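If you want the building blocks of each chain, they are given just below.
Number of protein chains: 2
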Amino acid sequence: MPLDTLGDRRRTHYSSDIKAELDGEETVLFGWVQDIRDLGRLIFLTLRDKEGIVQLTIHKKDASSSLLDKVAGVGKEYVVGVKGRIRASREAARGAEVVPTDIKILGAVKYPLPLDPTGRVPAEIDVRLNARILDLRRPQTRAIFNICNEILIASRTFFNAHGFVEIHTPRLIASATEGGAALFPVEYFDRKAYLAQSPQLYKEQLVTVFEKVYEVGPFFRAEEHDTRRHVNEFTSIDIEQAFVDADDVMAILEQLTSDVVVHLTQSCRGDLETLGVELKMPKLPLRRYTYDQILAELQGKGVKIDWGEDIDTPAYRALQDLHREEYYFITDWPTKTKAFYIKPHEDNPELSYGFDFMYEWMEIASGGTRIDRKELLIQRLHEKGLDPRDFEDHLNTYEYGMPPHAGWAFGLERLLMVLLGIENIREVTLFPRDRYRLTP
Amino acid sequence: MPLDTLGDRRRTHYSSDIKAELDGEETVLFGWVQDIRDLGRLIFLTLRDKEGIVQLTIHKKDASSSLLDKVAGVGKEYVVGVKGRIRASREAARGAEVVPTDIKILGAVKYPLPLDPTGRVPAEIDVRLNARILDLRRPQTRAIFNICNEILIASRTFFNAHGFVEIHTPRLIASATEGGAALFPVEYFDRKAYLAQSPQLYKEQLVTVFEKVYEVGPFFRAEEHDTRRHVNEFTSIDIEQAFVDADDVMAILEQLTSDVVVHLTQSCRGDLETLGVELKMPKLPLRRYTYDQILAELQGKGVKIDWGEDIDTPAYRALQDLHREEYYFITDWPTKTKAFYIKPHEDNPELSYGFDFMYEWMEIASGGTRIDRKELLIQRLHEKGLDPRDFEDHLNTYEYGMPPHAGWAFGLERLLMVLLGIENIREVTLFPRDRYRLTP
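In order, the protein sequence lines correspond to chains B and E.
The numbering of the first sequence is the numbering used here, which starts it at 1 and goes up by one.
The numbering of the second sequence is the numbering used here, which starts it at 441 and goes up by one.
Worth flagging that the hints you see were computed from the coordinates, not collected in a lab.
Take these hints with a grain of salt, some might be off.
Claimed, not checked - Just the calculated beta-carbon pair ranges, DEER-fashion:
(1) G464(E) <-> P285(B): 44 to 50 Å
(2) D687(E) <-> H59(B): 51 to 57 Å
(3) L762(E) <-> P114(B): 49 to 55 Å
(4) D190(B) <-> P552(E): 32 to 38 Å
(5) P562(E) <-> D190(B): 48 to 54 Å
(6) D475(E) <-> P285(B): 40 to 46 Å
(7) T879(E) <-> R373(B): 18 to 24 Å
(8) A528(E) <-> H162(B): 51 to 57 Å
(9) E663(E) <-> H162(B): 34 to 40 Å
(10) T879(E) <-> E224(B): 53 to 59 Å
(11) G748(E) <-> L39(B): 51 to 57 Å
In this text the structure is predicted, and so the values were computed from the model without any measurement.
Heads up, the beta-carbon is just placed ideally off N, CA and C, and yes, glycines get one too.
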């Protein structure tokens, strides 16, 4: 059963189906009027649907007056249904056009629109985000989210093939999951709850049931960032696995990244062209740099970071020419720079099995081997200034048979940014949320 | 590269790989000790991993004293790595057992456990939910979430095949999306936000960009339910599509349900057996009953519902023998029973194009043709006692070229309940959230 219908008009084609070989065939199309040009004898109308655009050509002398009346009532971004005949045409972009016999207006437009949805009139990001639904109609913006869709398809294919089980952990939690980072409080009936920052503790627990788990979903950080790479609601791609360590999950992470690039190259040619992006295949295995090596590189650039301190974005940017177009790992971070659940080296507890996954100067994922002993976890909570009593439920699970385990969290929006060379995370988020923006 | 490693021990098999044909081969396994029985000359140890269980048999006279010491230190639910040799055995459940040569304890257990994770000792639901991570180790509970994983695989395969684009709509919103139902307030920096109850308005807007969209994710209702079919955080499977009506999206919904059942029948045989469930194929097309027909059925059962009133669960239960094991639609609901965005019939505005998707007495999805004209939407908001000013951003989008559209929302947990014959939604939610439960 065809799924696109409208009353007695049943869609026969999408724009991308229209080609010279169908010359003479009847067609029914639906879409938005992208452009109208009245050339006197001819009217050209560009119709946009989910698959692209197609040209409608109206020869005034051949057209009924009723059709011409309808066309006269149509403006840019109007939604229309079109009945017509396909005509091979050398002039038309796809080698064929449609000569309409009937047009029906399905949705009108009130002018002026707050934004030009073709993208030909440039607009500031805030103007664009205020009229996001129009901004999303720009070919470039749509391309981003088509690619996002394909990243998710490739990722889930990867997880399914590797035996990961999809989990749905709670967003409403009674206390901080990660500690440190700020939480959004929620009025939960007569008490206070918080929005989860990550599935971290739940996914660690769930390896005791499923061994390999993954989750893709929204998480929340109440940090008052005001940068181009932070939003307060973001999409995390998380995995956690039992009986493995950081090296193993780094191998999974680089393989996933490589699979995603291969998949996009094959399935998003048009959208990548629209964005003018040529994807480069990461060469596996990616390079692993230790924290100490990065510190040495920084020193070479005249940037002094005391051992044990975190590395900030300006520092990474100083290394940009050393890591141009490079995906790489940074390993062996000082334990004190990492979250409480990251495992310290057995022979040198100052060093940890935490890692960051980087592209050029930006962190796009982080992970590590996790602590699997309760006493060590309690010690680390204390060292982080956190109260083990707030983690009682979680700590208890370490007495029920906790295997060694490791995992990571990948920022979906960050991945889109680096793949597509986009500098503002708001561009790759359908309806971004930041400190100043809660609408649309 | 094998992904399961642990130091120098690399996993060679999962429990389900162990079979008579591998007689004599070396093996390395990881898992949890499900059971230990010391029979004097022999010790039987059952090892559980993500794929199932396998028997380890230790012949005391052949075993090293070091191995026997290690086995003596192992208890139920301990995490162990096992090295050994596969031995064909008629007595072992899978036609083969493993004779260990070495055992390493990777995670200990502190007794008593708050719950018997084999499920042999029955426990009240609250006791089980308090120790959920142990409850999840019961074969029945694990089976539910393996099946949940396969439902999601089948659903996304369906959506991808039909050209739906995955969307991620905001969970943090500035005002009520649906009106009516209660919202959880969030302290969002210096102002108030709310947790989204559904992606409803965003998905409607997004059909103007992608035509066909879907989202799977957590949503929140602050209703003070205290029933076995409500939780306050749930997983919604949502679609929305342009240029179609309720009939079309009902066809999609029944096809998806059918595809899911076919997929589960093929890929979850073991888990369905564990649960003692035999899935019945829904026969398409499913029956469509009008609201009026259901009212007449109710009258036949002596249950009086005034026309225009909603139908409550006790009423549906009165019809149980008429709809036994039946998936069905109820269409043509009175407009006033439905949300403001559901389209009224053109020729009789008292009736709407809203529908419910039912199994026996339970609603598992609802949807309909949506209103696509701004004035009518404003009128319906007023009729519902809602203030159009709270919906300004959304209403504006109806002036940018809004196509006719329709969609539905499917409750993932509700689907699991009806497929598996489970009566409490908390059983099919990893970590359920209700008015009284915010942990674990």
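Original post:
For this structure, which hints from the list above don't hold up?
Top reply: 1, 2, 5, 8, 10
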